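Q: Listed here are the chains, written in short residue letters.
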Amino acid sequence: MVTAMDSSHSLASERSSIESTYELTKYLEYQLKEIKDVYLTYLGPPFNEKDFSPPAATRLELWHGLENQARLAQNQKAYSVLLAAVRELARSTLCPSLKTSLLHFCTGLDGLLGSISALMTTLGYTLPPSSANMRMRPTMNDFARKVEGFWILRELQSWLWRSAKDFNRLKKRLRAH
Amino acid sequence: MRTRSCTYLYEVTGCLSSPCRSARPLMESGGGAAMLLLVPLLVCALPAGGNKNYLLTAPDIQAVEIGTDFTASCMIIDTDEITADDLYWNVSQTTVPRERYTKVNQTTLNVTIHITGEKLEWLFCLCKKVSSNVILNEGRFCHGIMLQKGYRPMRPENVSCEALQAGQQISPTITCSWAAAGRQTKEVPTKYTLMLKVVSSETFNVSTEGTSASLTLNIFPNFMELEIWVVAHNKLGTIESERLRREAGFFVKTDPPANVIFISETSFPTTLLLNWSRPIKIQQIGLIYEIRFCSNYSHEWTYVPLSDMNKDIQSFRLQYLQPDTVYVCQVRCKNDKEGYGYWSEWSSNATERTPEDRPKSKPDLWKITSDGDNAIERRVQFICKDPVFSNGRITRFEMKVVDQKDRGKNGSWVWQSIPVNRSEAHGGAVILREIRLADKKSVKVFVTATNSVGKSDPAALFIPEKAHELGPVEDLKVWPRGGRLWLDWKPPGGAAATEYVVQWVAADQMDWQRENRSSRLVAIKGDLKKFVCYTVSVYPIYSGWTGKSASVQAFLEQSAPLEGPAVCLSGKPGRNEAELMWTQIPLSRRQGFITNYTISYTSGSQVHTVVVPPNVSSYTLTSLLGNTKYDVWISAATVGGSSKGFNHSFTTLKYAPGEIEFIVVGVSLGFLFVFVMTMLLCFYKKDAIKRNFWPQIPNPGESTIGTWSPECPLKTETPKENCLSGISVLDVDVCDGKSVFEEDKAGLPLKKDKYLSEEHSSGIGGSSCMSSPRQSVSDSDEGGDMADTTASTVQYSSVVASNGYKGQTPSSQPQQQAVFSRSESTQPLLDCEENPDVSVPEGSRQSQRFLRHPRSSSHANRDPADIDRLLETERREALEHLDFCPLEEDAEQTPPTDEQSAPRPASSYMPQLGGYRPQ
Chain X
1 MVTAMDSSHS LASERSSIES TYELTKYLEY QLKEIKDVYL TYLGPPFNEK
51 DFSPPAATRL ELWHGLENQA RLAQNQKAYS VLLAAVRELA RSTLCPSLKT
101 SLLHFCTGLD GLLGSISALM TTLGYTLPPS SANMRMRPTM NDFARKVEGF
151 WILRELQSWL WRSAKDFNRL KKRLRAH
Chain R
178 MRTRSCTYLY EVTGCLSSPC RSARPLMESG GGAAMLLLVP LLVCALPAGG
228 NKNYLLTAPD IQAVEIGTDF TASCMIIDTD EITADDLYWN VSQTTVPRER
278 YTKVNQTTLN VTIHITGEKL EWLFCLCKKV SSNVILNEGR FCHGIMLQKG
328 YRPMRPENVS CEALQAGQQI SPTITCSWAA AGRQTKEVPT KYTLMLKVVS
378 SETFNVSTEG TSASLTLNIF PNFMELEIWV VAHNKLGTIE SERLRREAGF
428 FVKTDPPANV IFISETSFPT TLLLNWSRPI KIQQIGLIYE IRFCSNYSHE
478 WTYVPLSDMN KDIQSFRLQY LQPDTVYVCQ VRCKNDKEGY GYWSEWSSNA
528 TERTPEDRPK SKPDLWKITS DGDNAIERRV QFICKDPVFS NGRITRFEMK
578 VVDQKDRGKN GSWVWQSIPV NRSEAHGGAV ILREIRLADK KSVKVFVTAT
628 NSVGKSDPAA LFIPEKAHEL GPVEDLKVWP RGGRLWLDWK PPGGAAATEY
678 VVQWVAADQM DWQRENRSSR LVAIKGDLKK FVCYTVSVYP IYSGWTGKSA
728 SVQAFLEQSA PLEGPAVCLS GKPGRNEAEL MWTQIPLSRR QGFITNYTIS
778 YTSGSQVHTV VVPPNVSSYT LTSLLGNTKY DVWISAATVG GSSKGFNHSF
828 TTLKYAPGEI EFIVVGVSLG FLFVFVMTML LCFYKKDAIK RNFWPQIPNP
878 GESTIGTWSP ECPLKTETPK ENCLSGISVL DVDVCDGKSV FEEDKAGLPL
928 KKDKYLSEEH SSGIGGSSCM SSPRQSVSDS DEGGDMADTT ASTVQYSSVV
978 ASNGYKGQTP SSQPQQQAVF SRSESTQPLL DCEENPDVSV PEGSRQSQRF
1028 LRHPRSSSHA NRDPADIDRL LETERREALE HLDFCPLEED AEQTPPTDEQ
1078 SAPRPASSYM PQLGGYRPQ
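For the record, the sequence lines run as chains X and R.
For the record, in the first sequence the residue sitting at position 23 is 23 according to my numbering, with numbers rising by one throughout.
For the record, in the second sequence the residue sitting at position 898 is 1075 according to my numbering, with numbers rising by one throughout.
The reader is advised that the hints may include incorrect statements.
Just so you have them, the derived chain X footprint on chain R, three or more residues with Cβ under 8 Å [as the list claims (entries may be wrong)]:
#1 369 to 383
#2 399 to 407
With the C-beta cut set under 8 Å, the calculated list includes, among others, these residues of chain X facing chain R [stated by the list, open to error]:
#3 S20
#4 E23
#5 Y27
#6 Y30
#7 L40
#8 T41
#9 G44
#10 H104
#11 D110
#12 G114
#13 T122
#14 P129
In silico DSSO-like links for lysine-lysine, alpha-carbon gap of 30 Å or less [unchecked claim]:
#15 R:K280 - R:K296
#16 R:K458 - X:K26
#17 X:K33 - R:K296
#18 R:K296 - X:K171
Read the hints as simulated data drawn from the structure, not as lab findings.
Given the structure is predicted, the values throughout are model-derived calculations rather than measurements.
Every residue gets a Cβ at the ideal spot worked out from N, C-alpha and C, and that includes glycine.
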C-alpha cells in the first residue's frame, strides 16, 4: 500500500519534472532562435547567409538507440559543456544587448541543467561527473572564434530540439507505464 | 542584554550612594549560562585593569524571553573579605527574596527570576556593607545585567508572490508578502528575510522589518522551479516559513488581453463575435481567458463558463443575445496551467449593438373607453405599446377593426397603417385610433408592430356589446408597501378570466400592465409618483373579450395637502351663528385622502375648533357672540398631515334679523293698543270725561225758557239780544258746522259740545262770565280754535247775558252765522243790518235756524253794567279777529265750491268791518 502510494506520487512528480524540463527546453529553443538571428547578424557573412549550413555532427539513429539514462546523461554532459561555451561567448561579445541576452540565456540553460539533474535524481539515475570547462584557445584568430560561436549556437539549437523530443518521448513512455 | 559594572549604572539606577572606584566591562562573550565558562574568562579579565571589580555577573545574553525563568550568577573575585552570604540581588531597586537564591559555593550566588512585563529592567548583584572597605568601595562591590525582554519569533504564514508583466516580458522582480505572527517588543524586534532560490541555481534574499518585500533577479526564470520562503528572526531566535516550491509561471500576472473588439453581422442578429489579442507571447506563457458581458439595460455581468473556452484562443462568438441590444464585454487571462498564475485585470470594454430582427412578440394593445356624444354609443381609444421583444425600432403599427355584425362587408377588414412618431409616444404607448362604438355593437381589433426587418404577430382585443360585458373582479384592494402599490382581488364570479389588465390613471399619466389568470397579489410595475391620486382599475379579459372594470383610488404616499380649503360665508352672518362653506381642494393639490376638516374660529383670544367629516363642505357655527369680529379658517387633514387655508373674517350682527322689526312692530302695537284702549276708554267713559272736562251744561233748547220766549228767532246775535232780553239762542246747526270746518274740522264736535254747553252755560250765567279770563288766554294761543270757540261759547253765554240787543231781525242771521266763530258778538246783527239782501238766498236755510234760535236766544238776563263790560271786551276781541280774518277769507274764497256759504261770509265781512268801525 505504502509502496503503491509512493510509486504513484513519484510518478506524478516525475511527470511534472519531465513536463517542466520539456517546456523549458522548448522555451530555450525559442529564445535561442531569437538570439541566433541576432548573433549571426553580429557574426556577419558568411554565417548569416541562408544557405550557410554545415552538416550535423550527430547521427540520429545512434542517438535514438541509447537508453533513457544514457541519453539524459549525454544531455547533461552536453549542456554543461554548451553552457560554459555560451558563457564564454557572452563574455567575448562586444554588443551589450546581445551580451545580456546571452547571459539571460545562460540562466535558462543553467536552469535546464538543474532540471535535467533533478529529473535524473527523480528517476533514480546517477549524475555524471561534471565535465571540465571547455576553454577557447587564446591563440584563435577572429574568424576561427566566429566559426566556433556559430557552431556553438548551431549545436545548442540541435541539442535543444533533440532534447525537447527526448523529453516528450520520455513523457509518453512514462504515461505508458 | 549586557553586564555592566556599577560605574556605568550609577547614573542610570542610583542604587549606590557613592561613585564606584573602578568599573570595567568584563565580558562580551555569548549568552551561555554555563558557570564553567565564566572561570577562565574571569582569570583572563583580572590582570587587565587596575581598577578591579570584586563582583562579576553572568550570563551575558542579548535578550530574555518573556514568560520564562532566568537564572543569573554573581561571583566574588579577588577578595576574601566577603562571601556569597553577603551578596544579594536587586531587580529595579527591589531586592529579590532570598528563597530565590542558590548558593553555589562560598564565592558564587545564583538567582532565578521570572521574566514578566515588556519593560526594560536591570538585575544587580550587590554586597551588604560588612566592612568599611565595602562601604568606601561600594562601586566595586556591584555588577548588573540589563534585561531586554522580548518574544521568540513566530512562523510567518500565507507567503504569496507575484511577478507582473513588464512590456513583452515578465518582470524579473518578484514581490512577496506574508502574514506576521506573534508579538514583538521595542527592545527585541523581529526582522524578516525573503529567500528565493532558483532550483539548482542561484539563491536571492532581501531583509525587511515589514511583511512584504521585492526581489529582482537577472531575468524572470521562466519554466524554472523556484523555492520561496521567509525567515523571521530576532535576538531570541529564528524561524522559517513553509517553503513554496513552484514553477515560476505560478507567480505570473499578465496584462489584460489587448484590442478587444466586437463584430456584429447582420445575418446573425442574436450573436456577436468577440476578438482580442494576447498580451504576451505564447512561448513565454500559455493563457486561458474568461469573458463576461452584459446588455446595456441589465448592468449585471454574465460570465461565459470557463469550460466553454479553449486555451489560447483569440476570438469567441457570443450567442443567444437579444437583437437590437447594446452589449458590453470584457476579457481577462491567466496562466493556462491549472492553479497557476493570477487572473489579469479585466480588459477595456468592447461595446456593440446586435443587428435588428423581426419583432418576436406581440404588441401590447389596450383601450380607453369613455362616454360618447349620445347615450347609445361609446368612444373607444386604442393605444398600444411596443412588443417586449421588439428586436428593433418599431416604425409603424398596422391595425384592423372587424365589426362583428358587419362581417359581410369588406371595408372594415382592411389593415390600416399607423406610422409611429416617437415624439407623440406617451409613456411608451402610442395612440392608434379612436372609434365611436354603438353600445349594441361589438368589435374585434387586431394590431401588428413593424420594424425595419419585419412584422410581429397580431395582438387582439375584443370589445363586446355594452350590455354583454362580463362581470368585474371582486374585493379589489390597493395599498402601498415598500414604495410600490400592491393589488389584491378575487376572480369574477361568473366566467373564468383568462387574463387581467391592471390600469392606473392619474391626472397626466395613464399606464397598464397585464397579469396572467393566476395572479392575485400584484405590484404595479410603473414609475408611480408620490402624493398623486391614482385610479387603479382591474379589467378581467375573457379570451380576448374585455370585461367590466373594478376601480379603487390610491396614493403611493400621502402628505399634507398643498393648500387649505378656501372658506367663505354662505349668505350673511347672523347674530349668533354664521354658515360657512368651503371649496374642495383640487385633486392635484390634495396629496392624500382628506380624513377630516377642522374648522377653527376665534374672536381674539380663544380659538375654537370643530372637526367635521371629509364629505361635508358647509357648516353653521353657532353660539357666536353678537357684533363680534371672527376670524375663521379651515384645515384639511390627510394621513400625512394637515394644511391650513386662508383666514376669513366676518362680523356678527348686533341684532338678529327681524329683531328690529319685532321691536318696531311691538312698540307700534303697544302704542296702538294704548291708543285704542284710550279711545275705548274715552268712548266708554265719555260721560265721565265729559263730566270731568266738559261739565254738563243744560240744554237751553230743552229748557222751558225756550218755549218761554219764542219770538226771538235770532241766531248768534240773538244771544246778545237775548242777553238783553235774558234769552240766549245757540245755533248748532249745519251752518255752524260748516264754518267750523273752515276753521278747524277737528274742533267740530267740541264746538257742538261748546254750543251745547253754551246753551247750558246760559243757565249758569254768572259762572260763564267768570270764565272770560280764560278766553284771553285762549286768544293768545294760536290756532286755539277749541279755546277760541270755548271762549266764544263762554263769551256767548256772557254776551247773551249782557247784550242788550233785542228784536233784531232774523233776516240778518245767516250772515251772522257765517262769521260766528270770529265774532260771536253782536256783529251779526250789524251785518244783517248792512247786508239785508245777502241773507235772502239763505233765508230758507236760516229760517230753519230761526226755528231753533228763538229757543236758544231766550236766555238769561244780565244787568246793564255787565253787559257793557262784556260788550267792550267783545269789541276788542272782534277787532283783533278782524285783523286776521280778511286774509283767511280770501284764501277760502278762491275755490268756487258748491258750498254757497263760503263766498258769502267774505262779502259779508267787509261790510262788517265797515260796520264795526263806526262802532
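Q: All hints, please: hold or fail.
A: Against the structure, the hints:
no., hint, result
1, 369 to 383, "holds (count 4)"
2, 399 to 407, "holds (count 4)"
3, S20, "holds, 6 Å"
4, E23, "holds, 5 Å"
5, Y27, "holds, 5 Å"
6, Y30, "holds, 4 Å"
7, L40, "violated, 20 Å"
8, T41, "violated, 20 Å"
9, G44, "violated, 27 Å"
10, H104, "holds, 4 Å"
11, D110, "holds, 5 Å"
12, G114, "holds, 2 Å"
13, T122, "violated, 12 Å"
14, P129, "violated, 16 Å"
15, R:K280 - R:K296, "holds, 28 Å"
16, R:K458 - X:K26, "holds, 13 Å"
17, X:K33 - R:K296, "violated, 65 Å"
18, R:K296 - X:K171, "violated, 62 Å"
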